[in-house]
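S.K.: Sequence:
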Amino acid sequence: MMHARWLSIPLLCLAPLAASWAADCPELLQGSLPKLGGKEQIDLCQRFAGKPLVVVNTASYCGFAPQFEGLEAVYKANKEQGLEILGVPSNDFKQEDKDSEKTAKVCYANYGVTFTMTQAQHVRGNDATPLFAELAKQSSAPKWNFYKYVVDRQGKVIGNFSSLTKPDDPEFKAAIAKAIASKP
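Residues -22 to -1, 1 to 162 (mature numbering (1 follows the signal peptide of the UniProt record, and there is no 0)) make up the sequence shown, in order.
Don't read these hints as lab results, they were simulated from the structure. Some hints here could point you the wrong way.
Stated by the list, open to error - Here are the simulated lysine to aspartate or glutamate pairs, EDC-like style, with alpha carbons at most 20 Å apart:
| hint | residue 1 | residue 2 |
| --- | --- | --- |
| 1 | K29 | E50 |
| 2 | K144 | E47 |
| 3 | K17 | E58 |
| 4 | K156 | D77 |
| 5 | K13 | E62 |
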């Protein structure tokens, strides 16, 4: 019994640090999402805090799915400057497979995606994940697949782009450059 008490003291000392860390994390990045093709969770704050970020809701069977290639090109061109891309598959618009293994095949094998992808999530309405609820609060909810949100290093949305905006669009690229140049 005495040992258990001594073991709990270090844990009690860490509790304020955890609360402080959560307080320092932008609202947008609080929480975690399951990684596509695995069992691990992506701690959004730990993975993306202080980094420029593009969040995009995806769908394997959408006519905009070829944008995966453009997003991958943007990622490869900017990852050395800290850019991260988070792809979040969703069946909210009825164009995503219910089988996450098939989704992973489309993303990783068919399109060669190397940026971070999650398992399918709700991205709009009352069922939206906290990430997409906050994106909607800061800008607007996605109206279709492949809505792209550019987030600065402080966790603030500085631009959102419709499905019609291709990853090589000058305005989209300018927003990414602004996010990369932003201060943490």
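S.K.: Take the hints in turn and mark each one as holding or not.
M.R.: So, going through the hints one by one against the coordinates:
1. K29 <-> E50: holds, 17 Å
2. K144 <-> E47: The hint holds at about 10 Å.
3. K17 <-> E58: This hinted pair is violated, its Cα atoms lying about 27 Å apart.
4. K156 <-> D77: violated, 37 Å
5. K13 <-> E62: holds, 15 Å
Consistency with the previously given hints fails for numbers 3 and 4, ordered from lowest to highest.
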